[in-house]
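Q: So the chains spell out like this:
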Amino acid sequence: MEESKVILSVNDLVVKFKLRGKILTAIREASLDLYEGESLAIVGESGSGKSVFTKTFMGLLDGNGWVDSGSIMFEGQDLAKYKTEDDWIKIRGKKIAMVFQDPMTSLNPLKTIGKQVQEAVELHQGLRKDEAKKAVLEILSDVGISDPERRYKQYPHEFSGGMRQRVVIAIAVACKPRILICDEPTTALDVTIQAQILNLLKSLKEKYNLTTIYITHDLGVVANVADRIAVMYAGDIIEIGKCEEVFYNPQHPYTWALLSSLPQLGVKGKPLNSIKGTPPNLFYEIKGDAFAPRNPKALKIDFVKKPPYFSVSPTHKAKTWLLDPRAPKVEPPESIAILRKQWGLNDNA
Amino acid sequence: MLKYSLKRLGQSLITLFIIVTVVFLLMRLMPEEGYFGQAYEKLDEAQREAILAGMGLRDPIHIQLLNFYKSILSGDLGVSNIYRPKVPIAEILKSKIPYSLYFGLTAVAISLVFGVSLGILMARSKSKFWDKLGTCYIVFINAVPAAVYYLFIQLYLTGIFNVPMLFKADDPRTWILPAISMSLGGTASYAMWMRRYMVDELNKDYVKLARAKGLRNKAIMVKHVFRNAFVPMAQYLPSTILYTIAGSIYIESLYSIPGMGGLLVDVIQRQDNTVVQALVLIYSSIGIVGLFLGDILMALFDPRINLNKKGGAR
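Residue numbers (the UniProt record's numbering), protein chains in the order written: chain V, 1 to 349; chain Y, 1 to 314.
Honestly, the hints are just simulated from the structure, not real lab data.
A quick note: this is a predicted structure, and the numbers were derived from the prediction, not measured.
There could be a bad hint or two in this list.
[What the hints assert, rightly or not] Here are the computed distance ranges between Cβ atoms for each label pair:
id : chain 1 : residue 1 : chain 2 : residue 2 : range
1  : V       : D62       : Y       : V222      : 18 to 24 Å
2  : Y       : V139      : V       : D62       : 23 to 29 Å
3  : V       : K18       : Y       : G10       : 41 to 47 Å
4  : V       : K83       : Y       : V222      : 51 to 57 Å
Heads up, the beta-carbon is just placed ideally off N, CA and C, and yes, glycines get one too.
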C-alpha cells in the first residue's frame, strides 16, 4: 500500500449549504489521500457528511451547496475549482463513477435497461450503435446478468432489487472509470443479496482495475471489502487507517463509541450500547473537537481547540488530543478490549 | 399489447351498451309532452295516444328497446320535435359540430403548446422568476371566474385590434379571439400539471444517476424527464380532444357562435326528449372512447402497464 501513488487528494475541503436562509457547514476542512487501486471505506452516522464529501468529487452537490474552500486534486486538476457542466462532463462517469443506494429508484422506469447502459457507453466510448450494443451485452454479463441478449430489451420493473443493482453497477463501470464510489450499495438490499453484490464489486475492482470508495454505516461491509477505513464525524475525517488498525487499535473517542455500539457486543437481556446525545448542529460554528459534548471523558482542550492529526503509525492517524504527548492517559472503554478479544479468538481459529 | 387493447375495447363496448340501455330507460320516465311540441295543448287524449303509438312509444318496452338498439346501430339518432320540429337530429349536429370542433381543437392545440412549454420553463426555474410569474398566471386563471376575463377580452381586445365583437363565419379575424380565450384555462392547467410532474421527476434518483453517468442537463431533460413527466398527462389527452365536440357554453354564447355549447341545456329546458337522448348518448360515448384511447396511449408509453401476462395482478 505504501508504495502506491495517490490518485485523488483532498485538502482541507469545506462544503457549505444554504438552507432556509441559513448557512450550514457540511464538510469542515476534511482531508483525504486516496491511493491507486485501494479500497477505502468511509463510515459514520447519518448526516456526518459521507455522501456529500464524495459527491463533491463529481460535482453532484445539490443546487444549494458549494465548495467553499480547499482543493480536490485529481490528474493534475483541482476539481474544487470546476464550476461548469462542460468541466464536469469530462469527469462524471468517465473518470469517477458512482453506484447509488437504492436500485429500485435509480433506473428510469420507462427505458429498457439496455438503453440505459448503452447511454453511458455511447457517451464515453464514442461507439456506434451495433458496437455499443455489443459492449453493453458484455458489461451485462460481466456484472452477472445471465441471458443479456434478452435482458437488454427488458424494463427495470422486470428486474429484482439485486438485479437492478447489478444494472446500476454496470452503468457505473460501463466507461471503465478510475474511481468507483459506492454510496451504501447494499443498504437497500436484503442480506442474502448483499454478499453477492459485494463479491461482484470486489471482482469488478480486480477486473477493471478500479479504485473504490465505499460509503457505509455497516461495519460488516467494511470488514468485508475495505483496505482502509476513514471514520467521519460532523463533516470531518477524525480517524483513518488500515482496516485492522482502526478496528483493533482505535484512537478517537468517537471510533471507540462507534465500535462499542456493535450489536455483537450485546448481552442478552441488556440494551445495546448506543452513543448518547445527538450530533452537533452544523448551522453553528463548532469549536474544538466536534465529538467532545458527547464524550464523557472529554478533555478541557477538546472544547477549545480543534485537534490536528496525530500519527499512530505511518498509515494510521487520528484527530484527537488524547494522542498529544501532554495528554493524560485515557483508556479506551472496556468494550474495545472485549471486541479485540472476540476478533483475536477469530484470528486464532 | 394487442390482447390488452382488445380487452379494454371489450370493456368499453360493454359499458357503452349499458349506457345506451340506461339512457333509454331514463328517457321513458320523461314527461310525454316532450314528443309533441307546441301542438300538445291543442290535442285531446285520443289524438295524443295515436301520435305516441305512431312513434312506437306504445309498443311493449322490450320491443321499443330493440328498435332503439337497431336505429342506433344504423346511425339514426331520430328527429327533433321541439328544438327544430321534424328536422333529423343528425342534421342539426352536422351544422353545429364543425364550429365547436374548430374552436375546441385550436384551443387545445394552443394550450398544449403554451401550457407544456410554460410548465417546463417553470420546472426548470423552480421558485425563481419564471416559476413565480407562471404561478401568478395559473392562480389568476383559476381564481377569477372565466366569464370575467372572457368578457374583458371581448370588450377591450376587440376594440384594441379593431375586430368585430361578434363571430361572423366569413370574417376570419373574428375566429381568433374566441379560440384564444378558450385556450387560457387549458394553458393554465397544462402548465400546472406539467410543472408538477417535471418537478416530481427531477427529484427522482434516476435523474441523479443520469447526471452521475455524465449526461448533460439538456439531454437528461429531453431524454428522461420530459418523456416521463408527459406520460401521466397523455392519458387525458384523447378525452380532452374529443370533448371539444361539446363546445363551450360561455364562449359560444358570448360571441354568438352557432356551435354545440349550450345545446344540451337548451333542449333539456325545452323538453325535446329525442334530442336530449341523442346528446346524452353522444357525450357518454365520447367519454368512454376518450378513456379507452387514453388507456391505450398510456400502455404504449409505459411498459409497466402490461396486463396480458398476469391478468392485471402485480
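Q: Hint by hint, say whether it matches the structure.
A: For each hint, the structure was consulted:
{"no.": "1", "hint": "D62(V) - V222(Y): 18 to 24 Å", "result": "holds (22 Å)"}
{"no.": "2", "hint": "V139(Y) - D62(V): 23 to 29 Å", "result": "holds (28 Å)"}
{"no.": "3", "hint": "K18(V) - G10(Y): 41 to 47 Å", "result": "violated (57 Å)"}
{"no.": "4", "hint": "K83(V) - V222(Y): 51 to 57 Å", "result": "violated (23 Å)"}
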